[in-house]
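A.B. asks: Generate coordinates for the entire structure from the input sequences, incorporating the hints supplied.
From first to last, the protein sequence lines are chains A and B.
Be aware that the first sequence starts at 1, since it is given in this note's numbering, and climbs by one per residue.
Be aware that the second sequence starts at 1, since it is given in this note's numbering, and climbs by one per residue.
No wet-lab data here; the hints were simulated from the structure.
Each hint can be trusted.
Cβ pair distances, simulated, as ranges:
1) A:G238 / B:F414: 38 to 44 Å
2) B:D207 / A:S241: 28 to 34 Å
3) A:S241 / B:D83: 20 to 26 Å
4) B:G133 / A:S241: 34 to 40 Å
5) B:S347 / A:G82: 50 to 56 Å
6) B:E195 / A:G75: 48 to 54 Å
7) A:T111 / B:D83: 47 to 53 Å
8) A:L143 / B:M135: 14 to 20 Å
Every beta carbon over 10 Å from chain A, so not counted as near; a handful from chain B, in silico:
9) S108
10) D242
11) S347
12) T359
13) L393
14) A394
Cβ atoms here follow ideal geometry from the backbone N, Cα and C, with glycine treated the same way.
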Amino acid sequence: MHLRCQRSPLLWISLHFFVLLACSAPDASVRDSAVLLGSSRGPDAGTNNAGSGDQTDAPAPESQAVRLRFVARVGDEPFACGATYRSSLGSDYTPADLRLFVQDVALIDSTGSERPVRLDVRAPWQIDGVALIDFEDASAGCLAGTRERNLELTGHVPPGEYRGIAFSNGVPEALNHTDPSRLPAPLQAGSMSWGWLQGYRFLMAEITGRASSSDTAAPASALLHLGSTACSGNPSAGGISCAKPNRNRVRLPEFDPAADAIVVDLAELFADMDLATVTTCHSSGDDCAPLFDHLGIDLTSGLANDRQRVYRIEPARASEP
Amino acid sequence: MSALQALPGSVPLRATVPFLSLLLSCVSAVGCAGSPINEPPAVDPAGGSSDSSVRSGAKPAPESAAYEWQLPPGFPPPALPEDNPMTLAKVELGRRLFYDTRLSDNGSYACATCHEQALAFTDGKARAVGSTGQMHARGAMSLANVAYAATLTWGHPYLTSLERQAQLPMFGDSPIELGLRSQGELEERLAAIPEYSESFAVAFPGDEVPINLANADRAIASFERSLISGNAPFDRWLMTGDDSVISDAAQRGFTLFNSEKFECYHCHGGFAFTDHVIFADEAFPQVLFHNTGLYNIDGRGGFPVPNTGVQSVSENPADMGRFKAPTLRNIAVTAPYMHDGSIATLSEVLDHYAAGGRTISAGPNAGIGSQSPFKSNFVRGFRMTEDERSDLLAFLESLTDREFLENPAHADPFR
Numbered sequence: 001m002h003l004r005c006q007r008s009p010l011l012w013i014s015l016h017f018f019v020l021l022a023c024s025a026p027d028a029s030v031r032d033s034a035v036l037l038g039s040s041r042g043p044d045a046g047t048n049n050a051g052s053g054d055q056t057d058a059p060a061p062e063s064q065a066v067r068l069r070f071v072a073r074v075g076d077e078p079f080a081c082g083a084t085y086r087s088s089l090g091s092d093y094t095p096a097d098l099r100l101f102v103q104d105v106a107l108i109d110s111t112g113s114e115r116p117v118r119l120d121v122r123a124p125w126q127i128d129g130v131a132l133i134d135f136e137d138a139s140a141g142c143l144a145g146t147r148e149r150n151l152e153l154t155g156h157v158p159p160g161e162y163r164g165i166a167f168s169n170g171v172p173e174a175l176n177h178t179d180p181s182r183l184p185a186p187l188q189a190g191s192m193s194w195g196w197l198q199g200y201r202f203l204m205a206e207i208t209g210r211a212s213s214s215d216t217a218a219p220a221s222a223l224l225h226l227g228s229t230a231c232s233g234n235p236s237a238g239g240i241s242c243a244k245p246n247r248n249r250v251r252l253p254e255f256d257p258a259a260d261a262i263v264v265d266l267a268e269l270f271a272d273m274d275l276a277t278v279t280t281c282h283s284s285g286d287d288c289a290p291l292f293d294h295l296g297i298d299l300t301s302g303l304a305n306d307r308q309r310v311y312r313i314e315p316a317r318a319s320e321p
Numbered sequence: 001m002s003a004l005q006a007l008p009g010s011v012p013l014r015a016t017v018p019f020l021s022l023l024l025s026c027v028s029a030v031g032c033a034g035s036p037i038n039e040p041p042a043v044d045p046a047g048g049s050s051d052s053s054v055r056s057g058a059k060p061a062p063e064s065a066a067y068e069w070q071l072p073p074g075f076p077p078p079a080l081p082e083d084n085p086m087t088l089a090k091v092e093l094g095r096r097l098f099y100d101t102r103l104s105d106n107g108s109y110a111c112a113t114c115h116e117q118a119l120a121f122t123d124g125k126a127r128a129v130g131s132t133g134q135m136h137a138r139g140a141m142s143l144a145n146v147a148y149a150a151t152l153t154w155g156h157p158y159l160t161s162l163e164r165q166a167q168l169p170m171f172g173d174s175p176i177e178l179g180l181r182s183q184g185e186l187e188e189r190l191a192a193i194p195e196y197s198e199s200f201a202v203a204f205p206g207d208e209v210p211i212n213l214a215n216a217d218r219a220i221a222s223f224e225r226s227l228i229s230g231n232a233p234f235d236r237w238l239m240t241g242d243d244s245v246i247s248d249a250a251q252r253g254f255t256l257f258n259s260e261k262f263e264c265y266h267c268h269g270g271f272a273f274t275d276h277v278i279f280a281d282e283a284f285p286q287v288l289f290h291n292t293g294l295y296n297i298d299g300r301g302g303f304p305v306p307n308t309g310v311q312s313v314s315e316n317p318a319d320m321g322r323f324k325a326p327t328l329r330n331i332a333v334t335a336p337y338m339h340d341g342s343i344a345t346l347s348e349v350l351d352h353y354a355a356g357g358r359t360i361s362a363g364p365n366a367g368i369g370s371q372s373p374f375k376s377n378f379v380r381g382f383r384m385t386e387d388e389r390s391d392l393l394a395f396l397e398s399l400t401d402r403e404f405l406e407n408p409a410h411a412d413p414f415r
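C.D. replies: Structure, rendered in C-alpha cells:
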C-alpha cells in the first residue's frame, strides 16, 4: 500500500494506456471506466504525483466535490475485529477480514439518472476508476490484514441535487487482469490481488466461528473471496476474458451525500447461514449461493441482479468517521 | 539399436523438429559427444543466444552481460517476455531471492523450501506445506525446464507468466505459502538489505528505484528459466549412439515408451518429455491438458474438490480432471506422483496406466477411473509383463540428470 513518487510516471503511463484501451472496447462497463479514467481533472487529482508536470489541469468549473462515507456493521452493532457477534441461527463468530473494491460509482439525481462520480487520485486508496474500502485494522482476529483503514471515497460530480447512490463491487475490467506489480496502490500485489485467477478480489469477507464445527476438527469459519471467474485467454496475447464477471450493482435510492453513510452489514452478508460449519466461497461452488444472492449476483450467470441486501443507507453518526 | 533408429517417426512433429534437426547436426559435430551441455548446438534452427529469442521492443540493458544459455542439443531457445531478457545478473539475483527465507513473512520459508534442487526442485511430499503449516491441495512441481512450460502449475490454462506466477506463493492465502501481506511490505524489506541494493541496481541498470516487486519477479523468473535439464544418461546415449551409456533394459524401455501399445509418448514426448511446451518462434503453440482416469468419484468422471483440474478454473464440465502432463525428466527423484501425490512409486504409476485408469475400492474417493467419460483416448490400458515393467522403469531412471541436480549454479548461494 505504498505509492512512491518515483512510480508516478508509470501511473500516468498506465492510466493513459488504459484510457486508450478502454475507449476502443465495446463493453459498457469498460466504457464507464474510461469515463472515469479519462477525467481526472478534479482539484485533488495529481497531488500525489509530484513530478508528473503535465497533470496540472484545473478542475472542470462545474465540478463539485463529494465525500462518500462507508461504515461496517454487524446488524445494528459496529463492526470490530475481535468483537463477537451472534448469527441469526444462533452461533457466535468474530470477523477476520472485510475489504472491498468499489467501481462505477454514480450519484442518482432527481430524475433518477446516474451521474458518474469521478474518483480522485488519493494514494494509497484510490486511483481514477476504483477505490479500496478497508474496514479491518489487523487487530485481534484480523490477522492477515493491515493496520490502515479507509472508510471513505472522494470524487467529483456535476453540481446538483442528488438523492441516491449506485456502485459496484469490482475492479474495472481494463485493469482487472493486469500484473499488479505494474499498478499503483490500491491495486498493488497483496491480499486483494488474486494471483490464482490473475485478477483481483472485489470483496473479501472472512469470519471465524467461536465453536468448533461438528463434523471436522477445523474451527467453524466462513470465507468469501469475490472475483471474476470462468475466465479464458492468454494474459500475454490478447488478454483474459471471464464468462462470469461477478460484479454486483448496488443502487440505494435514498441517500444524501452530506448527511448519510453507506452501511456494509456483515450480518446480512452471512444471514441465514450455518456459521457453525465451514463455508468456503472462492466465487464458484455451492457454498457461494447465499453469499452471492445477498450481494446481488446471480451465481449461475455471474451477472448482477437487484436482490442485494448487504448495503443500506443510514444517517452518518458523529462518532463514526 | 542406434540412436537414430530409436527416434520413432510418430513422435509429434512440433516437438520433434528441433530435437531431430539438432540430433542430425550433432552426430557429425566433433566434440558434441559427451559434453552437450557445455557446447552450443552446431546448428541452431532458431538461433542459440538469448538476444535472438527476445522479440523487438525489449529495452536493452547494455551494462548486463547477456546470459549464455548453453542449451543442450535439441533444446530450442525458450520464449521470453519482451521486457525480461535473460542476463547473468538477473539470474544470479533471482537465485539469491529464490533461496532467501526473508521472502516469507515469518522468515522460515523460501521458494527453495518446496523446490529442492536435489529433488529436481520438488519437495518429496505428496502435497506441499506452507510457511505457517497450512497444507496445499497439490504437490510442488518440478522446475526442470520450466522455461518451456506452456502454462504453470498443474492445470491452469491462462497462468502463463513465470513473473506473475511468482506472486502466487508470495501473496497467496488459500493456502498460505510464503505468507507475504503486501507488495509494499516486501519492497521495504528488500530495500533494507544492503546486498540487494547493489544486486538489484546491477541487474536492472537505469531503473531509478530498482528494488521493486516487478524486478524481483523478473529476477526469480530468470533464475527459474536457467534451470535447464538435458544431460541425463538417456541424452548422452541418444547423442552418441554409444550403447554402453544406458542399460539394455533402458534402451528397450525407450522403445516401449514410444510404442503404440503403451502410448506414453503422446503426452510425454519431445525434448522436455511433455506435450505441454512452448518455445521461441513457435508458430502454433499448443496448450494441452489430459484426464488420465485417476478418479471417478461419482460415476460421472468427478475428481475430488478442489483438485478438479482445469475445470476448477474454467468451470467447463468437460475440463473435469484435466491436468497437464508433467515432464518426465528426473522423474525418478520426484516421488510421490500425480497432482496430489496419491501414487507413491513409478511402478504403481505404470499400474495406473496399465489399468487404463485407477480403481479406488473404498473411501470418499472410491470409483472406477477407467470408466470416466472424460478420460484421454490415449489412456486405454495395456497388458504389461514384468520384464516390460522393468524396462520402462529403467528408461525412466535414465532420465535422471545428475549434473542438473548437483549443478552449483543452481544451488543455495547462502551456503
